[in-house]
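Q: What follows is the residue order along each chain.
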Amino acid sequence: VPPTSHVIDVTNVLRADDPEPSLPREVILAAAPEPLNDGFGVPSPGAA
Amino acid sequence: VSELIDLTAAQAAERIRAGDLAAAELFEAYRERATADELNAFTWVADAAPAPNGEAKTPLGGVPVAAKDLFCTEGVPSQAGSKILEGYRPPYSATVVRKLAEAGAPLLGKTNQDEFAMGSSNENSAFGPVLNPWDHKRVPGGSSGGSAAAVAAGLAPWAIGTDTGGSIRQPAALCGIVGLKPTYGACSRYGMIAFASSLDQAGPFTRDVTDAALLFRHMVGRDPRDSTSLDFPGEIDLPRAEHLKGLRLGVPEDLTGAEGGIEPGVRESFEATIKLAERLGASIEPCRLPHAPQALSAYYVIAPAEASANLARFDGVRYGLRVAGDEDLITMYSRTREAGFGAEVKRRIMLGTYALSSGYYDAYYGTAQKVRTKIAEDFRTAFERFDFIATPTSPCAAFELGAKLDDPLAMYLNDFLAVPMSLAGITAISIPSGLSDGLPVGFQLAGPAFSESRLLDAAYALEQAIGFDGRAARGQ
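Chains as they are written, first to last, in our numbering: chain A, 1 to 48; chain B, 1 to 476.
Hints are computed from structural coordinates only; laboratory data are not their basis. Treat the hints with care, as some may be off.
Said to hold, decoys possible - Reference listing, derived: stretches of chain A covered by chain B, where coverage requires no fewer than 3 residues with Cβ under 8 Å from a Cβ of chain B: (1) 1-8; (2) 18-28; (3) 32-40.
Just so it is clear, the structure is predicted and the values come from calculations on it, not from any experiment. We put the beta carbon where it would ideally sit given N, CA and C, even for glycine.
Generate coordinates for the entire structure from the input sequences, incorporating the hints supplied.
A: What follows is the structure, given as structure tokens:
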């Protein structure tokens, strides 16, 4: 019995490789709990 | 106002389009009711009706829609019922929400749900449980409990929710309204906060089948932002069938037999509806879905596995809750997730992580996906002989708050009759078939992929014959 990979028959969903604008950085960062220097702030992985 | 609330969404849209009713007046009537919500069905309600903008010329006439919390809505709280997304206001809207707004159904409010759509009673919400409008001591079902309760109680003309393993159909059944789970791929999943990506589908909650067809018509379509979405083949017609002549209905004894644990009151209503279908001209025969009883077991491997991957993104970095401190990264992750997720979500993340762990993948996830193949084959075989499969939607009517909270397996069994269709990716609808001890009972019809138009038509003919009266839940 083959395992289900997808329930509806769809093959090779492709699109043209045309770049599109993304949401502006400040809009995305507005949702972050601790933005830092134009990026997402995280504690140092090596701390503690 | 009660006169306005009496109108179905389609009737209200028609009035607005004819110039007999202002869209803003209807919006305000529902906004007031939603604001005074005593069921805890809403997590957010719009401040005011949108400025008039030619609603009378839109297909949905400006009749507002409530959306389950997990639909991302631009600038509006969207937490999927979870504490871990506290304060999150997405910078974009889900495709389905955007399409409905463009068709003339602006957002009335966001509705309560089980956290990340995991639950069958709406008791797993960070916002607290939703009460069933038919009996405030009982659950509305889940996971889209807020959407179902809001429509049943007349706090919203119609609503959208999502169904992963019954989360539209079961609450629709327990609240006495119509719920449609579309074919997988019919509606874009873009902007829906994901639970189990191979199963999640958006669908309508409505007072009647005509409203369901009208709302669904404006939800479907291929979206470049969801590669699993598809162009819906053909038109979605408004239902008009008056009989079921020539229709072949199969009743799967594997699901409706003793194993299903169907309550006597539910069975009685189901059998009465089957007789009604026969009187309307349908032929009824028992059918087999031999692997369907294994659906729930397969589902509780597949859905948690996918959820464990999807929910990895909630890590306190990009959105929502962060439990801060000067600790290292891993400690921040685990403190945030410890504080942000509820018990059922944690249970499923652990189940799913275990099922996908190195060396166990084939034994659990791989095997469950083989069971899924067999279940889909069962349906394909059944649909060679039958147009639709009929079962009760849920084995039981609405149960009391707290009744199944300590027993996850008893809770999971609520979806015994709904999960097989989810795994097969096919469409199914729940319509109210009557009352059992004063509580609504749902009747489920399932059809092949993309048979929604025919399914809605058959459900409509049955609905007319059943003549279910939902006014009591609206206080009318």
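Q: It remains to establish, for every hint, whether it holds in the given structure.
A: We went through each hint and held it up to the structure:
| no. | hint | verdict |
| --- | --- | --- |
| 1 | 1-8 | holds (count 8) |
| 2 | 18-28 | holds (count 3) |
| 3 | 32-40 | holds (count 4) |
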